[in-house]
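Listed here are the chains, written in short residue letters.
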Amino acid sequence: MMYRNDFASGRSCWKPSLVAMLLTLLLGFSLSAMVQAAQDTGGESVAQRIAPVGQVWVEGEPAPETEPVAEVATEEAPVYVAPRPTRKDYPDIGVSSRAVVWILAQMHLFFGALVLAVPLFVLIIELVGQSTGDERYDDMAHEFMKISLTGFSITAIFGGTLALALFVLYPDFMGYMMRVFGAQWIVYAGLFFLESFFLYTYYYGWNAMRYGNLKWLHLTLGLLLNGAGMTIMVMANSWATFMMAPSGVNEVGAIVGNIWEVMKGPLWNPVNLHRFIANIAFGGAVVGAYAAFKFLSTRDPAKRAHYDWMGYTSNFIALLAFLPLPFAGYWLMAEIYAYSQQMGITAMGGILAWLFIVQAVLIGTILLAANYYLWAGMSRTEGSSRYQWLIKYIALILVVCFLIWVTPHTLLLSATEIAALGGSHHHYLGPLGIMPAKNIAVNLMLIVTFLSFQLYRRSDKVATVSWAPAGNALLVAIYVVAIVNVIFLGVYFGYFTNTVYKVGSSVAQVASTLVVIIAGIVIDSLMFRGARTLPSHWGRIPDRAQYALFALPIAFTWLMGLMGYVRSSVKTHWHVYTVMQDNSPDNFIPTIGYAGNMITIVTVLFLLFVLFMFWIANLGSSRQPVPVRAAAMEGVA
Amino acid sequence: MQRGMVVAATVMAFVVVLAAFYGLDHFVMSIQGLPLNMDLSPAQ
Chain A
0 MMYRNDFASG
10 RSCWKPSLVA
20 MLLTLLLGFS
30 LSAMVQAAQD
40 TGGESVAQRI
50 APVGQVWVEG
60 EPAPETEPVA
70 EVATEEAPVY
80 VAPRPTRKDY
90 PDIGVSSRAV
100 VWILAQMHLF
110 FGALVLAVPL
120 FVLIIELVGQ
130 STGDERYDDM
140 AHEFMKISLT
150 GFSITAIFGG
160 TLALALFVLY
170 PDFMGYMMRV
180 FGAQWIVYAG
190 LFFLESFFLY
200 TYYYGWNAMR
210 YGNLKWLHLT
220 LGLLLNGAGM
230 TIMVMANSWA
240 TFMMAPSGVN
250 EVGAIVGNIW
260 EVMKGPLWNP
270 VNLHRFIANI
280 AFGGAVVGAY
290 AAFKFLSTRD
300 PAKRAHYDWM
310 GYTSNFIALL
320 AFLPLPFAGY
330 WLMAEIYAYS
340 QQMGITAMGG
350 ILAWLFIVQA
360 VLIGTILLAA
370 NYYLWAGMSR
380 TEGSSRYQWL
390 IKYIALILVV
400 CFLIWVTPHT
410 LLLSATEIAA
420 LGGSHHHYLG
430 PLGIMPAKNI
440 AVNLMLIVTF
450 LSFQLYRRSD
460 KVATVSWAPA
470 GNALLVAIYV
480 VAIVNVIFLG
490 VYFGYFTNTV
500 YKVGSSVAQV
510 ASTLVVIIAG
520 IVIDSLMFRG
530 ARTLPSHWGR
540 IPDRAQYALF
550 ALPIAFTWLM
560 GLMGYVRSSV
570 KTHWHVYTVM
580 QDNSPDNFIP
590 TIGYAGNMIT
600 IVTVLFLLFV
610 LFMFWIANLG
620 SSRQPVPVRA
630 AAMEGVA
Chain B
0 MQRGMVVAAT
10 VMAFVVVLAA
20 FYGLDHFVMS
30 IQGLPLNMDL
40 SPAQ
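Chains as they are written, first to last, in numbering that gives the first Met the number 0: chain A, 0 to 636; chain B, 0 to 43.
Careful, some of the hints might be misleading.
Unchecked claim - Distance condition first, Cα-Cα at most 25 angstroms in a straight line; then the derived DMTMM-like pairs of lysine to aspartate or glutamate: (1) A/K570 <-> A/D581; (2) A/K263 <-> A/E250; (3) A/K570 <-> A/D91; (4) A/K501 <-> B/D38; (5) A/K501 <-> B/D24; (6) A/K391 <-> A/D523.
Note that these hints are calculated values from the structure, not bench results.
Turn these sequences into a full structure, and let the hints steer you where they fit.
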């Protein structure tokens, strides 16, 4: 008993040493293979080994002098180059191998994204609960974990099936990848054991480690769970980015760098950041749908209040992660262009460019749904009447920007239609089809979405600080000037200067949007410190608002399937871009219709599995009532 | 706060924010190697 008291009061020194030990184990395990591989540098500098492979030859100029490829190989040890499989080297199973791998990989990625994201924000919510002492946060975080628990098994099942399918259907390619990444595969598999250990101790130990120092131990387990999950994610990302932009190998695919140089390709970190943020937004949206489902399926006011709050929190997480996501996507595309202009043009200027229009529709849907949910949620408090007059203007900006964003540059027209139009581009709408107009649109949509969020957050508070009017004036000025600046930068540099300035000004637009968001958060957090709080009624929200929470994960899932397909397709007919050619029967970019059908099939399949996941989460808390006859017998006895 | 004070605060806020965004545009473009003239036109 004495030991327990000491333990709970924080006088023991076990915590730092335990954390240090676990972290050392995790890091040591992950890095051991890399360190070993790093010892063999092959006599070349790092810059030489990770430089993009291939050479550029400008037509009309003399060809650049290159060293003969054969010099790479030494006479003593033959260098293993990338295989050159022919059509007959790909097994024919009667259906498209690409379609099989497509579905399995996408399902694995959907569930992988979900189960990596949920523990991230669960840990933060748990930390908020610990620091505020409000147990509702703790219960909600636990419930979020309960929902996603089934997802871990489903992820592993799809991951295993995907690996089997790849080895059976693309044996030469997988053989090459195994050789390039070597011991990293063992580290990857080992991390699954670690993640499972942390997952189960974190989830099942929730109530056993609820207070005092034990809570900190529990939070540490959550941190380690996220550490293992993140490491798994960045490792898997390195395979995808190696296929897009290989590094650490030469132009024939021979390994010339160590594992770190193979992983650290030019697209690795942009993909890491983009997936990290997108996963959180996606995870928030999926658990928000669970909260909406539970809200609609009960009439108990207490439960409705709880699930209303849970839905609000989920939407908050999804929206907060979603706001910087376009900027991470912009960085990724900029790096793709920097690596290979051909690849960038394939993505945004060729057949795949049309998918960016579909992307605009889906992102527009997400923003409209998220905004609508916030506006509906303002009915929870009387204080919202101060801001409701602004909603119609926000809606107007959202709709106009949405329409600009979905305006295509090049239309698919017949000769008659071109004649009627007076050219291939519309006289007035044509300028809206290019990036400057879309950059303006997306930045304004993000700014007004943040405004909706800010109004919602303010609606149950009244500032009491003396400088509140000046603070409000400053905030209004920031919004107005930022909007004017975004439009000025887009119109002036986008249409009246050269391309370099056009591209450069888009960064200044992003900076303007970020200034609004950061200034809004800082000013409000200072202005509403010690504010008078108006009563808020959780559960008092129209049922139709819950359907916005259903729309979010559907649009997110579709969007991830769509853009994942674009990311993968930019390799065109290469397994590993410029290094290992794809000679399978599916080595072409399919039609947009075919791709759309495949993405839709996977999206529907994922949603069915999500419903199963919700059902399982519900089943665990259900209890069959005692049968009437048995109860009567007990009464007699 | 008096109405006049609110107007003054608003005008002051707009002046400060305009100057800040003007500086931001110069800064962000110049760190990309794209300097601007005083009237925000390209300097190259």
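Status of the hints after comparison with the structure:
1. A/K570 <-> A/D581: Between A/K570 and A/D581 the Cα gap is close to 10 angstroms, so the pair holds against 25 angstroms.
2. A/K263 <-> A/E250: holds, 17 angstroms
3. A/K570 <-> A/D91: Holds - the C-alpha atoms of A/D91 and A/K570 are around 22 angstroms apart, at most 25 angstroms.
4. A/K501 <-> B/D38: Since the Cα atoms of A/K501 and B/D38 sit roughly 17 angstroms apart, the hinted pair holds (cutoff 25 angstroms).
5. A/K501 <-> B/D24: With a Cα-Cα distance of about 13 angstroms, the restraint between A/K501 and B/D24 holds, given a limit of 25 angstroms.
6. A/K391 <-> A/D523: With a Cα-Cα distance of about 23 angstroms, the restraint between A/K391 and A/D523 holds, given a limit of 25 angstroms.
When each numbered hint is compared with the structure, no violation occurs for any of them.
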